[in-house]
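Visitor: Could you put the whole structure together from the sequences, leaning on the hints where they help?
Protein chains: 4
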Amino acid sequence: MELDNAFKDSLIKLRRNLHAFPEQGFLEIRTANIVKENLTSLGYEIKSGLEVMNKDYLMGYPSEEAFKAHIDKLNQLNEALPDFKDGYTGIVATLDTNKPGPTIALRFDMDALPITESEDSNHYPTAHGFSSKNHGSMHACGHDVHTTIGIGLAKLLMDHKTELKGIIKLIFQPAEEGVRGAKSMVESGVVDDVDYFIGSHIGLNAKSNEIITSVKGFLASSKLDVEIQGVSSHAGAKPQDGKNALLAAATFVQQVYAIERHEQGASRVNVGTLQAGSGRNVIADKAYLQMEVRGENNIVNEFMIQRVYDIKSGIEAMFGVKINITKVGEAISIEPSENMEQTIYSLLKEKFPKLNIIPNETTPSGSEDATYYIDSVMRNGKDAIYMNIGSDHEYNHHHPKFDVKEHDMFNGISCMYEIVKLYNGN
Amino acid sequence: MELDNAFKDSLIKLRRNLHAFPEQGFLEIRTANIVKENLTSLGYEIKSGLEVMNKDYLMGYPSEEAFKAHIDKLNQLNEALPDFKDGYTGIVATLDTNKPGPTIALRFDMDALPITESEDSNHYPTAHGFSSKNHGSMHACGHDVHTTIGIGLAKLLMDHKTELKGIIKLIFQPAEEGVRGAKSMVESGVVDDVDYFIGSHIGLNAKSNEIITSVKGFLASSKLDVEIQGVSSHAGAKPQDGKNALLAAATFVQQVYAIERHEQGASRVNVGTLQAGSGRNVIADKAYLQMEVRGENNIVNEFMIQRVYDIKSGIEAMFGVKINITKVGEAISIEPSENMEQTIYSLLKEKFPKLNIIPNETTPSGSEDATYYIDSVMRNGKDAIYMNIGSDHEYNHHHPKFDVKEHDMFNGISCMYEIVKLYNGN
Amino acid sequence: MELDNAFKDSLIKLRRNLHAFPEQGFLEIRTANIVKENLTSLGYEIKSGLEVMNKDYLMGYPSEEAFKAHIDKLNQLNEALPDFKDGYTGIVATLDTNKPGPTIALRFDMDALPITESEDSNHYPTAHGFSSKNHGSMHACGHDVHTTIGIGLAKLLMDHKTELKGIIKLIFQPAEEGVRGAKSMVESGVVDDVDYFIGSHIGLNAKSNEIITSVKGFLASSKLDVEIQGVSSHAGAKPQDGKNALLAAATFVQQVYAIERHEQGASRVNVGTLQAGSGRNVIADKAYLQMEVRGENNIVNEFMIQRVYDIKSGIEAMFGVKINITKVGEAISIEPSENMEQTIYSLLKEKFPKLNIIPNETTPSGSEDATYYIDSVMRNGKDAIYMNIGSDHEYNHHHPKFDVKEHDMFNGISCMYEIVKLYNGN
Amino acid sequence: MELDNAFKDSLIKLRRNLHAFPEQGFLEIRTANIVKENLTSLGYEIKSGLEVMNKDYLMGYPSEEAFKAHIDKLNQLNEALPDFKDGYTGIVATLDTNKPGPTIALRFDMDALPITESEDSNHYPTAHGFSSKNHGSMHACGHDVHTTIGIGLAKLLMDHKTELKGIIKLIFQPAEEGVRGAKSMVESGVVDDVDYFIGSHIGLNAKSNEIITSVKGFLASSKLDVEIQGVSSHAGAKPQDGKNALLAAATFVQQVYAIERHEQGASRVNVGTLQAGSGRNVIADKAYLQMEVRGENNIVNEFMIQRVYDIKSGIEAMFGVKINITKVGEAISIEPSENMEQTIYSLLKEKFPKLNIIPNETTPSGSEDATYYIDSVMRNGKDAIYMNIGSDHEYNHHHPKFDVKEHDMFNGISCMYEIVKLYNGN
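In order, the protein sequence lines correspond to chains L, A, V and R. For the record, in the first sequence the residue sitting at position 336 is 336 according to UniProt numbering, with numbers rising by one throughout. For the record, in the second sequence the residue sitting at position 345 is 345 according to UniProt numbering, with numbers rising by one throughout. For the record, in the third sequence the residue sitting at position 253 is 253 according to UniProt numbering, with numbers rising by one throughout. For the record, in the fourth sequence the residue sitting at position 51 is 51 according to UniProt numbering, with numbers rising by one throughout.
A portion of the hints provided could be inaccurate.
It does not matter which identical chain is used: a pair holds within one copy or between any two.
[Unchecked claim] Subject to a maximum C-alpha distance of 25 Å in a straight line, what follows is the list of computed SDA-like cross-link-like pairs (lysine to any residue):
hint : residue 1 : residue 2
1    : Lys286    : Lys351
2    : Lys238    : Ile299
3    : Lys207    : Glu263
4    : Lys165    : Glu65
5    : Lys322    : Glu302
6    : Lys238    : Glu263
7    : Lys165    : Lys382
8    : Lys322    : Ile305
9    : Lys238    : Asn298
10   : Lys322    : Val308
11   : Lys351    : Glu119
12   : Lys238    : Ile305
13   : Lys238    : Ser208
14   : Lys216    : Gly425
15   : Lys354    : Glu210
16   : Lys286    : His399
17   : Lys85     : Lys405
18   : Lys286    : Val308
19   : Lys165    : Val231
20   : Lys382    : Leu42
21   : Lys382    : His397
22   : Lys405    : Val231
23   : Lys216    : Ile299
24   : Lys216    : Thr362
25   : Lys216    : Gln240
26   : Lys238    : Gly217
Bear in mind the hints are in silico, worked out from the structure with no lab data behind them.
Guide: So this is what it looks like as structure tokens:
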């Protein structure tokens, strides 16, 4: 399926609109309104908010202050943004053909990163006037493109509705960054009835016109916030009266980096930020750390978490401090469907002779919370896969100058359309 | 010498004026203008700024942003503040009797602390409407009272000029908090010609109507800012490419707390604040620590500093980071004049039978940069001492509810007047 | 090739003789004399000692005391042990058919472990009267069996000399434990002319009657001895005068366990022993650590070593100590010949239908210095492989009750004979 | 009182006899037999062993092996050593004048150190043939002299019995090194009836012919043995299965050196020895540490112990190990009698015009378990003091070449005789 130029132009316009106002996790209020408006007008049945998100599994939900600040910015836009101001920005748009057939679901993530976009004139979005107007936030991971692919695919499928059977679900997810949003959607049951599931990404070091049918090497990961509460004291006069939260934090850091290696696979650990103390001559009574662990599989990741909790107990006993650990994000490792990989690989090879179709990629890399959907679907005995749409990018994901070639999103739409046709075509 | 009530009332008014607009170190712009105006009108010869401060020995001088922010606040006051906007707020006011005699100097510090004053109605300054109007700064260590004592003493001495001989120098110093300001004044030579020097404080856990002739147990101390520069990297994908500034900082912290004890006296060490890293999944490339060391004497303090530098070198080699250490404050230990202690003790016992005169206090406590003047004068073979004016205070120094009984400052003025008369009376 | 019973009985006798007098690395004096005597009487050309070992690449060579103690024990045996008392116990026995053909080499290791063998009556060697008579040393890794296989194979090949072409080299190596002996033999050139190389082991959790054609997952590893030299001082009276080797060692240990993970593969680090200090109230002036690092490949292993040296530099700077690191063992990772794997797999499948032939095993496990031969041969463009002869063992390798089923060694001899015939048969 | 030359010669002979066979704590079997024999023959009433030692308060009692080895050595001496083979080597020799009067007690310690005496010919005991014949043990702290002073004083007092009143108790104590022996004697009640107590030492950097009436600056100290029990595992294959006792020990060490300073006085901490692990590639399952803490006073020492226990709990939780801490020695700080100091100072000034009598010495130095007697007596409202007999010594206490000038012991005997006469003279 080749897309026509007017459609392509509209999608480029949409992508640039989204790119210009990036919104971080659970704050995708404008973005979700745009998605809902588009999908509604196309005729999709929409479920959103707590219909498709389980509140008990929310992770890393922003503070009231963060909401207030973002809504203040939105108010200055003078746009009608009727929905989603509560931050439950998940959307499931369903096309029910009313013909018997399987249920297929595709997931698109919508959120941006806490990165300030480059104002350098050789940065394409800056040069073309669509760089971030939401200072401090940036679509530096391509989720603007993902959202656009989802909307583009929605249009194409609705245009060809008569050729389809079964049910097609398009899942628009908040807060993939920090792997926070997927679990609450999965736990609300959005993929319980799904026979085929496809997660996807753009870029990831694959070149333009490459499609990797199945990306496998995701690391399981947990994101933890650690608060240490000690007791302050004057460091000169009463050194023995403090419970030193800063020294406790330093020891905690030292110990988590020294967690044992595990025979069952690679692990990672990082304490990315640490804030402690109030004054030079005061024994610090508070420390706050943001950390993460990863494992080549869930067993290793769970081992890392268990060891972090052991260390927490040790630090509490050693320094007389209280430590509170909050899980603010989590992703798991997956074993996707080999059947689906082979089926789709053959399909794309045949349908897109000009593209470079690569069957799979297994190198361990980052983490993805699409793994929750995949794991859930596979446990039900159904098929799920995660594919990658290649696109040249000079700078890495999460770099202030990250940019993909936007026309590569058309490859994504075309491939996904053919895949849906394969499983849900009449 | 008993002070008359009108004079007392004017001093209380002045003290409350100063208390209501506390200014932190080197930012005592309004305060210094008030001091200069008062002393000038009394007929003192004024030297100030770089006449009495050696720029090469400034420590912990504020950033441009800090100056800008403070001057913005001052501009809103609509007061004429002609001088000191450069932050060189030191003042030496001289009364030259033109009669042969010794030179005596007394030092008063003017700066406030980065503490937000209590708004509790049982806090005396709040109840009486003179609590801090410079939010985030507070006279929580009594330097407002010190400045008032200096101005009150100036008036009394000028009123009795004919009874005096030699030269009297009143030194108003910036930035005693963080022990930053004294050294630059001493190094400009302000006490090079001094025969008798008196530093002083109010409170320090001595009760109202107590005077401690000589406080001895000051700890030598150095205040150090530590910046660690590493290299960031993605914690999941490229863990081996980072130079982890946060882990380096944690190890640094652990090592400085483990510095050896020293046979020649007590030591202290504290890392009071630590800020590191930019994101959870990024290996931190920057860390910033505020720390201090102390020693019962200068040898121990120097040992502590040397060990901090050893640790710096070790951390650099171990983690491949670069560390920059800046000295932002320093005080030394002292051996004040025993002669002067005994002379003054006898004088005050005789002149003030209703006060409780205590000869000395040797318990190691905090640090004071008046020690620089005392050390300099004693090295010249002259006499110097540090005295304490007792005053009941329910809360400790540096507490948001710290307050002394303001009438105790009259004891201070009276005692100092008698001491000046003793040495410089006709 | 089925072995006859008399031959089998003689091999069992030989194996039990070797088992009963285990000798640790470079001390295999009796063992090497037995090997040399057997191979010489069979008609092999023998090279040994510094003819086949390069002194510059010796690692972990024992101390003079260790030699003296072992030779004292040997003297009590009243056996003629004419050779090898210098500890250069490597032997290469060559069968030159004088017919054109390839050169094939097989390596057998001879050394034992510093483990005290179980005296429990349910331990087979104890029950059958051939457990270790060299107290404190034990063949707990099956090298007694390896040596026996080598001698058995030598006999079989010589018996069938006329059916062979080319050259067959049997390499008997000292000090595989601690991965110390191989490198010096490889660096003397013993496999420079080799076309096919086979390393092998017995046991390794494979069951009796299993043969694993190619074992691949060896971890590169380096064994390091670390000596820390500080300065002692009285801990009560002169704490500041010491250079604390024990605290330096403790910090070193913490830091090496916290070495970063590497994207290119799994790593391991262990400090297995630590001895420090001389008395409770003395600051320790000496510490001695035995450690090892491992990597899934040589890049990761080298990274670990580099980081250990960074930490060494850091500790030296931080504590004012001197650290000496000696490499006492090393093994590398390998990529063995896939051709040879497939060829041998097919051969064994055909020749030994009753055995369970498994093509390969890739799980990362321990380290092996046979990897040096394999790497050297593969770099020359020739073929090399490491095979495993399964044998039930209730207890793990290196356990005081470790024992294999000794009859499984006949599978090893038979398989190796067929492999030699395949490459070097007329 | 001037001693006659024959008496002096006999004491020198006795001292050299004791010096030549030094015995460590609780192993003073030969020494105690010599003491008992001498005192019995002088006519003293003897109590010993469990009559004067409370078994519940023994600390650092040697192992069976240590006893066996020492008794083997004693057996080779061919001396009659009828008593003390159980190691309860404490002796109290009493002279009851049967005249009303106070009870005075003097304490002498008998044990040697685990030091190998210098064989250098310029070392006086070596040059004069009385250096240690008990290899590995040495009287490097002068307790041989102390014991001799005690026996010499006993003779003098008995010779002058008729001039005395009240009761004189001479306490010969085991195991002062490691501050192990005193507490069990005090807890058996040996000073419960005492009105005046005198502890003493020779040397301690005071010169020959100096007497320091009262030594005050003893540090409270506790000696702790720390055993860590973990779980071993293969470091390459099963890194996650170990509970790493060596890493736990390293972290423990790091943390105890980082224990906070205390406002109430100086502290010390030292881990003097650390032994951990069994093999390079095995995760260590055992670690053993010998450590000590000290405090300028008992409050600070108790604080240090409490923090060690906090750290123990932390390490256990963090690493899953079990830690056992045993107190193997303890001394306290003291506030001796000022009255007694002044009385004795005046006495000695008068009686010994040729000696340099120094009233007191307050510098914090080492630890002494005579403090237990002093504390007990002072708590009963009686008087106690610790005096020092000066004696030039080129090398420090505990050095393999330590030696005092033996004739200075006569000053000790003379002074103590006069003191006893002062309090217990008719």
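Visitor: Against each hint, give a clear statement of whether it holds in the structure.
Guide: Here is what the structure says about each hint:
For the identical chains of this complex, Lys286 and Lys351 are neighbours neither inside a copy (59 Å) nor across copies (50 Å), given an alpha-carbon limit of 25 Å. For the identical chains of this complex, Lys238 and Ile299 are inter-copy neighbours only, at 14 Å across copies versus 45 Å inside a copy, given an alpha-carbon limit of 25 Å. Proximity of Lys207 and Glu263 under a CA criterion of 25 Å is satisfied inter-copy only: 21 Å between copies versus 34 Å inside one chain copy. When the C-alpha separation of Lys165 and Glu65 is checked against a cutoff of 25 Å, the pair qualifies neither within a copy, at 46 Å, nor between copies, at 65 Å.
In this assembly of identical chains, Lys322 and Glu302 lie within 25 Å of each other by CA distance both inside one copy and across copies; the values are 23 Å within and 24 Å between. Proximity of Lys238 and Glu263 under a CA criterion of 25 Å is satisfied inter-copy only: 6 Å between copies versus 47 Å inside one chain copy. In this assembly of identical chains, Lys165 and Lys382 lie within 25 Å of each other by CA distance solely inside one copy; the values are 18 Å within and 59 Å between copies. Taking the closest pair of Cα atoms, Lys322 and Ile305 come within 25 Å of each other both inside a single copy (18 Å) and across two copies (22 Å).
For the identical chains of this complex, Lys238 and Asn298 are inter-copy neighbours only, at 17 Å across copies versus 46 Å inside a copy, given an alpha-carbon limit of 25 Å. With identical chains, the CA atoms of Lys322 and Val308 are at most 25 Å apart both within one copy (14 Å) and between copies (19 Å). Taking the shortest alpha-carbon separations for Lys351 and Glu119, neither the intra-copy value of 40 Å nor the inter-copy value of 71 Å comes in at or below 25 Å. Only between protomers do Lys238 and Ile305 lie at most 25 Å apart by alpha-carbon distance; the minimum there is 18 Å, versus 36 Å within a single protomer.
For the identical chains of this complex, Lys238 and Ser208 are inter-copy neighbours only, at 24 Å across copies versus 64 Å inside a copy, given an alpha-carbon limit of 25 Å. In this assembly of identical chains, Lys216 and Gly425 lie within 25 Å of each other by CA distance neither inside one copy nor across copies; the values are 27 Å within and 46 Å between. Proximity of Lys354 to Glu210 under the C-alpha cut-off of 25 Å is restricted to the intra-copy arrangement: shortest distance 9 Å within a copy versus 48 Å between copies. Taking the shortest alpha-carbon separations for Lys286 and His399, only the inter-copy value of 18 Å comes in at or below 25 Å, while the best intra-copy value is 32 Å.
Proximity of Lys85 to Lys405 under the C-alpha cut-off of 25 Å is found in neither arrangement, the shortest distances being 32 Å within a copy and 54 Å between copies. Taking the closest pair of Cα atoms, Lys286 and Val308 come within 25 Å of each other both inside a single copy (19 Å) and across two copies (23 Å). For the identical chains of this complex, Lys165 and Val231 are neighbours neither inside a copy (65 Å) nor across copies (54 Å), given an alpha-carbon limit of 25 Å. Taking identical chains as interchangeable, the C-alpha atoms of Lys382 and Leu42 are never at most 25 Å apart, the minima being 29 Å within one chain and 65 Å between chains.
Taking the shortest alpha-carbon separations for Lys382 and His397, neither the intra-copy value of 31 Å nor the inter-copy value of 43 Å comes in at or below 25 Å. In the homo-oligomer, the alpha carbons of Lys405 and Val231 never lie at most 25 Å apart, since the shortest distance is 53 Å inside one protomer and 29 Å across protomers. In this homomeric assembly, Lys216 and Ile299 come within 25 Å of each other (Cα to Cα) both inside a single copy, at 16 Å, and across copies, at 24 Å. For a Cα distance limit of 25 Å, the shortest separation of Lys216 from Thr362 qualifies both inside one copy, at 5 Å, and across copies, at 19 Å.
With identical chains, the CA atoms of Lys216 and Gln240 are at most 25 Å apart between copies only, with a shortest distance of 22 Å across copies and 53 Å within one. Taking CA atoms no more than 25 Å apart as the test, Lys238 paired with Gly217 passes between copies only; the shortest distance there is 15 Å, against 52 Å inside one copy.
In this structure, the hints that do not hold are numbers 1, 4, 11, 14, 17, 19, 20, 21, 22, in rising order.
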